[in-house]
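Trainee: Listed below are the residues making up each chain.
Number of protein chains: 2
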Amino acid sequence: MEGMEKIATKPVGITDTTLRDGHQSNLATRMRVEDMVPIAEELDQAGFYSAEVWGGATYDVCHRFLGEDPWERVRILKKVMPKTPFQMLLRGQNLVGYRHYADDLVEAFVEKCAEVGIDIFRVFDAVNDERNFETAFKVIKRCGKHIQGTICYSLTETRMGGPIYNINYYLEKAKILESMGADSICIKDMAALIAPYDAYELIKALKKTVKVPLQIHTHYTSGMGTMTYLKAIEAGVDVVDTALAPFALRSSQPAVEPLLVAIQGTPWDPKIDLSKLLKLGEYLESIAPKYRDFLDTTKMSVIDTAVLKHQIPGGMISNMVSQLRQQNALHRISEVYAELPRTRKDLGFPPLVTPTSQIVGVQAVLNVLFGRYKMLSKETQDYVYGLYGKSPVPISDEIKKTVLKGYKKGKDPITCRPADVIEPELEKVKEETKGLAKDLYDTLIYALFPQTGTQFLKWKYGLEPVPDKVKPKTMEEIKREDEAIAKAKAEAQKK
Amino acid sequence: MEGMEKIATKPVGITDTTLRDGHQSNLATRMRVEDMVPIAEELDQAGFYSAEVWGGATYDVCHRFLGEDPWERVRILKKVMPKTPFQMLLRGQNLVGYRHYADDLVEAFVEKCAEVGIDIFRVFDAVNDERNFETAFKVIKRCGKHIQGTICYSLTETRMGGPIYNINYYLEKAKILESMGADSICIKDMAALIAPYDAYELIKALKKTVKVPLQIHTHYTSGMGTMTYLKAIEAGVDVVDTALAPFALRSSQPAVEPLLVAIQGTPWDPKIDLSKLLKLGEYLESIAPKYRDFLDTTKMSVIDTAVLKHQIPGGMISNMVSQLRQQNALHRISEVYAELPRTRKDLGFPPLVTPTSQIVGVQAVLNVLFGRYKMLSKETQDYVYGLYGKSPVPISDEIKKTVLKGYKKGKDPITCRPADVIEPELEKVKEETKGLAKDLYDTLIYALFPQTGTQFLKWKYGLEPVPDKVKPKTMEEIKREDEAIAKAKAEAQKK
Numbered sequence: 001m002e003g004m005e006k007i008a009t010k011p012v013g014i015t016d017t018t019l020r021d022g023h024q025s026n027l028a029t030r031m032r033v034e035d036m037v038p039i040a041e042e043l044d045q046a047g048f049y050s051a052e053v054w055g056g057a058t059y060d061v062c063h064r065f066l067g068e069d070p071w072e073r074v075r076i077l078k079k080v081m082p083k084t085p086f087q088m089l090l091r092g093q094n095l096v097g098y099r100h101y102a103d104d105l106v107e108a109f110v111e112k113c114a115e116v117g118i119d120i121f122r123v124f125d126a127v128n129d130e131r132n133f134e135t136a137f138k139v140i141k142r143c144g145k146h147i148q149g150t151i152c153y154s155l156t157e158t159r160m161g162g163p164i165y166n167i168n169y170y171l172e173k174a175k176i177l178e179s180m181g182a183d184s185i186c187i188k189d190m191a192a193l194i195a196p197y198d199a200y201e202l203i204k205a206l207k208k209t210v211k212v213p214l215q216i217h218t219h220y221t222s223g224m225g226t227m228t229y230l231k232a233i234e235a236g237v238d239v240v241d242t243a244l245a246p247f248a249l250r251s252s253q254p255a256v257e258p259l260l261v262a263i264q265g266t267p268w269d270p271k272i273d274l275s276k277l278l279k280l281g282e283y284l285e286s287i288a289p290k291y292r293d294f295l296d297t298t299k300m301s302v303i304d305t306a307v308l309k310h311q312i313p314g315g316m317i318s319n320m321v322s323q324l325r326q327q328n329a330l331h332r333i334s335e336v337y338a339e340l341p342r343t344r345k346d347l348g349f350p351p352l353v354t355p356t357s358q359i360v361g362v363q364a365v366l367n368v369l370f371g372r373y374k375m376l377s378k379e380t381q382d383y384v385y386g387l388y389g390k391s392p393v394p395i396s397d398e399i400k401k402t403v404l405k406g407y408k409k410g411k412d413p414i415t416c417r418p419a420d421v422i423e424p425e426l427e428k429v430k431e432e433t434k435g436l437a438k439d440l441y442d443t444l445i446y447a448l449f450p451q452t453g454t455q456f457l458k459w460k461y462g463l464e465p466v467p468d469k470v471k472p473k474t475m476e477e478i479k480r481e482d483e484a485i486a487k488a489k490a491e492a493q494k495k
Numbered sequence: 001m002e003g004m005e006k007i008a009t010k011p012v013g014i015t016d017t018t019l020r021d022g023h024q025s026n027l028a029t030r031m032r033v034e035d036m037v038p039i040a041e042e043l044d045q046a047g048f049y050s051a052e053v054w055g056g057a058t059y060d061v062c063h064r065f066l067g068e069d070p071w072e073r074v075r076i077l078k079k080v081m082p083k084t085p086f087q088m089l090l091r092g093q094n095l096v097g098y099r100h101y102a103d104d105l106v107e108a109f110v111e112k113c114a115e116v117g118i119d120i121f122r123v124f125d126a127v128n129d130e131r132n133f134e135t136a137f138k139v140i141k142r143c144g145k146h147i148q149g150t151i152c153y154s155l156t157e158t159r160m161g162g163p164i165y166n167i168n169y170y171l172e173k174a175k176i177l178e179s180m181g182a183d184s185i186c187i188k189d190m191a192a193l194i195a196p197y198d199a200y201e202l203i204k205a206l207k208k209t210v211k212v213p214l215q216i217h218t219h220y221t222s223g224m225g226t227m228t229y230l231k232a233i234e235a236g237v238d239v240v241d242t243a244l245a246p247f248a249l250r251s252s253q254p255a256v257e258p259l260l261v262a263i264q265g266t267p268w269d270p271k272i273d274l275s276k277l278l279k280l281g282e283y284l285e286s287i288a289p290k291y292r293d294f295l296d297t298t299k300m301s302v303i304d305t306a307v308l309k310h311q312i313p314g315g316m317i318s319n320m321v322s323q324l325r326q327q328n329a330l331h332r333i334s335e336v337y338a339e340l341p342r343t344r345k346d347l348g349f350p351p352l353v354t355p356t357s358q359i360v361g362v363q364a365v366l367n368v369l370f371g372r373y374k375m376l377s378k379e380t381q382d383y384v385y386g387l388y389g390k391s392p393v394p395i396s397d398e399i400k401k402t403v404l405k406g407y408k409k410g411k412d413p414i415t416c417r418p419a420d421v422i423e424p425e426l427e428k429v430k431e432e433t434k435g436l437a438k439d440l441y442d443t444l445i446y447a448l449f450p451q452t453g454t455q456f457l458k459w460k461y462g463l464e465p466v467p468d469k470v471k472p473k474t475m476e477e478i479k480r481e482d483e484a485i486a487k488a489k490a491e492a493q494k495k
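Just so you know, the sequences run in chain order X and Y.
Read in order, the letters of the first sequence are residues 1 to 495 in my numbering.
Read in order, the letters of the second sequence are residues 1 to 495 in my numbering.
Fair warning: there could be bad hints in the mix.
All copies of an identical chain are treated as equivalent in the list; a pair is satisfied when it fits inside any one copy or across any two copies.
What the hints assert, rightly or not - In silico DSSO-like links for lysine-lysine, alpha-carbon gap of 27 Å or less:
1) LYS271 to LYS79
2) LYS428 to LYS378
3) LYS489 to LYS78
4) LYS479 to LYS438
5) LYS494 to LYS473
6) LYS494 to LYS479
7) LYS112 to LYS411
8) LYS173 to LYS271
9) LYS290 to LYS458
10) LYS494 to LYS460
11) LYS309 to LYS10
FYI, nobody ran anything at the bench for these hints, they're computed from the structure.
Next comes chain X alone, as it looks inside the complex (with noise of 0.2 Å):
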């Protein structure tokens, strides 16, 4: 056929994100185990080279929303997906957490994952640090697991180059991963930003650069996704991740079904069913109206085409915006937006991801209010002192100077491994759940969300009533809304 001069002879893999990232992406990951249930089993004979199932948002919204213990919901899907190998995705020294945790917990935590059926474990670092990856790795490995070592992709202008993401910067770190042990590479491009032709030259030329399979993540929300996929797969990517329709677009993944018949005929056509797929589309699209509150519906388009131009996720420019609107300084959104890139180039250019996003929005924000780092958040200072890890540019002894003044750990940054000047702190955290915790995966629930991990726990052990807000809606009560809503909006219609 033409049209695809260098033919790669191989399928490519799908991994279906669907019970992960589809719904963490456009429902504010809340669907619930009891909704997954029902097709567990026929998305475990799909044909999927592996199930994104949990990581991510899924830990700490299950047991802060949904009265969920986030162990028992991978025990309860590897009991009926025993074919399908299962994903998670690992914020490597950050686990599923707000803040890098001590090495003893790392160990803790992937040891649990590994042992209730996480097959494949994506870790990722905000900054691109390996050596957040170290203990994590370490672990993985002893676990007899597959470890992807991750790439967060990132731009410092519309498309793939200039001086510090160019080419040569996924390379180079692939190599690192790879000598490290990672038994594949993803390139994890959280925020939709990478165009279809820089996707082809990357995967060509890691291709050639690394022995290990190679997987790409993407989203929608640039609207790129599937043309992205496309030109991966011609360049002879392994695996892509997708979910099925009703949960992807939008902000989620590029769904699987058209590029299913894209690619259907070809090389790398999976021969994944579509006539199955479509069954499981139905059905998601009958739970559906239980998660509708949490979609975002403020805008008629589907895309967000702001992304393209700044390359600033979504979710970001939200924080923002509110962060100003408490303020009373709304009007200064412009402001924020030429600071913004300023205060990215003095804090070494992170890609922008959970949490250096955060960290890089919020301080722009009080730049533009109080003065460039006149005042700072702490998330800053412990940024700059290097919590975090290394920025992927170093940052200047001016700005150290200026954020570190006053600084409660010191004027001079850590030039260590992050997890270095961590404490062990597992038998802390044992000792401080002692009675309320039963096992070892109840202490990480603590250990990982202090406060609302305490809440759960008495909510699962019936020391406390569950409240009526973390119970699931029921299709009574949809149906109830939609006669009440549509009532109302008649009325409203009537002059």
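Using the hints, position chain Y against chain X.
Mentor: Below, chain Y alone, put in the same frame as chain X:
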């Protein structure tokens, strides 16, 4: 740059469909001219190859639901958009109405279109019968305007090929249209069926077969649209159809913004300023709430994956479902799905586009409910008699005999150009509109839509008051509605 082995040497043209197919596909054609004018000037400066502003359903919806003179819309826009060529969609001998019209009416209509400012006429026919183009082509040429000869893209299986809609079918049609004087050729993929590598192969082959420029038109319905455009561009297509993001995607065209970034820096880059398009998009978001009631939000998915499997346009399915429901026979939908390809085969495999999609759909339902061809629609009989033109594959004598038994016009189908059996009608409609129509434009509104056209002319000349439902929705009304809905929802969610 790698990945683009066969490089075209010139920028691709972009037709913007925001003001026609964009809102026709996603918002039931409801956008009013007063919401177009504020961005018309900037749209005109953006650098589009052409702007599709009229045709299809706009003529009908304007006068019927918006109380807006369809001719006046083009005049108003032309004044503020003198630079960008205006494009319209014309259904051949069908014009923008629901039946074939006499040659004298087609002549008058096309002349008036040229007069108000249409520069490019995209002429298509539901069964790709070029004889239905003859009169329109002749008049367009006489008016010195651009004839875009259009081929409806259709399939009998998931991908291009098979005995009917194979690549030769399209090449032969293109040669005929070129020989008839077409200034360009368009592949019109109204059901979003064309897969990326098929588009590549088709455009490559067309480039070798005809000399005139090639344009491709698809919809995002199946989720393949942007991939298809990328491969069509690689194959050397001259122009593609897109819409601004808020009115793109879903059932509409692919969005322009991600495509522009994808081809930025390639020889195909049309160098349209993305920042300007983002501003236009913001404006569209600001007026979009006025039309939100027409957006289909019944499903979570923003694409229709079922079309990938059975190639049936979504609108056709919903028509069949409502036909079955009226007969209390919704449980027989799977029989209808099975019957549909048989009925389509019997009728000579017409492309499934208005009106053939309705003819095939209605007859398939009748065949299931009452026995095959026991009950016949008038349209099926007209179609088999030849009034819509030649079917792509000849209809068997057996089907002809069965369908035309007792048909008032006779049992022997016509083989001439359908319009050859239509009596001139211009003088008749002029006579009928005496006293009401002030000019030929008025007369033509009546000629195509006698009932709603008469009603509109009465509104236009103050003979009857314009009813409230025809008046535009105001932002205050939307705000009131929002408040009422939010209140009702909050009430319903209080348990």
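Trainee: Evaluate each hint against the coordinates.
Mentor: Hint-by-hint comparison with the structure:
1. With identical chains, the CA atoms of LYS271 and LYS79 are at most 27 Å apart within one copy only, with a shortest distance of 25 Å there and 54 Å across copies.
2. In this assembly of identical chains, the alpha carbons of LYS428 and LYS378 lie at most 27 Å apart only when taken from the same copy (24 Å versus 82 Å across copies).
3. In this assembly of identical chains, LYS489 and LYS78 lie within 27 Å of each other by CA distance neither inside one copy nor across copies; the values are 45 Å within and 37 Å between.
4. In this assembly of identical chains, the alpha carbons of LYS479 and LYS438 never lie at most 27 Å apart, being 40 Å within a copy and 52 Å across copies at closest.
5. For the homomeric pair LYS494 and LYS473, the shortest alpha-carbon distance between copies (12 Å) is at most 27 Å, but the shortest distance inside one copy (31 Å) is not.
6. Taking the closest pair of Cα atoms, LYS494 and LYS479 come within 27 Å of each other both inside a single copy (23 Å) and across two copies (14 Å).
7. For the homomeric pair LYS112 and LYS411, neither the shortest alpha-carbon distance inside one copy (38 Å) nor that between copies (78 Å) is at most 27 Å.
8. Proximity of LYS173 to LYS271 under the C-alpha cut-off of 27 Å is found in neither arrangement, the shortest distances being 33 Å within a copy and 33 Å between copies.
9. Taking the closest pair of Cα atoms, LYS290 and LYS458 come within 27 Å of each other only inside a single copy of the chain (26 Å); across copies the shortest separation is 48 Å, beyond that limit.
10. In this homomeric assembly, LYS494 and LYS460 come within 27 Å of each other (Cα to Cα) only across copies, at 25 Å, whereas the closest approach inside a single copy is 49 Å.
11. With identical chains, the CA atoms of LYS309 and LYS10 are at most 27 Å apart between copies only, with a shortest distance of 24 Å across copies and 36 Å within one.
The structure is inconsistent with the numbered hints 3, 4, 7, 8, although it conforms to all the rest.
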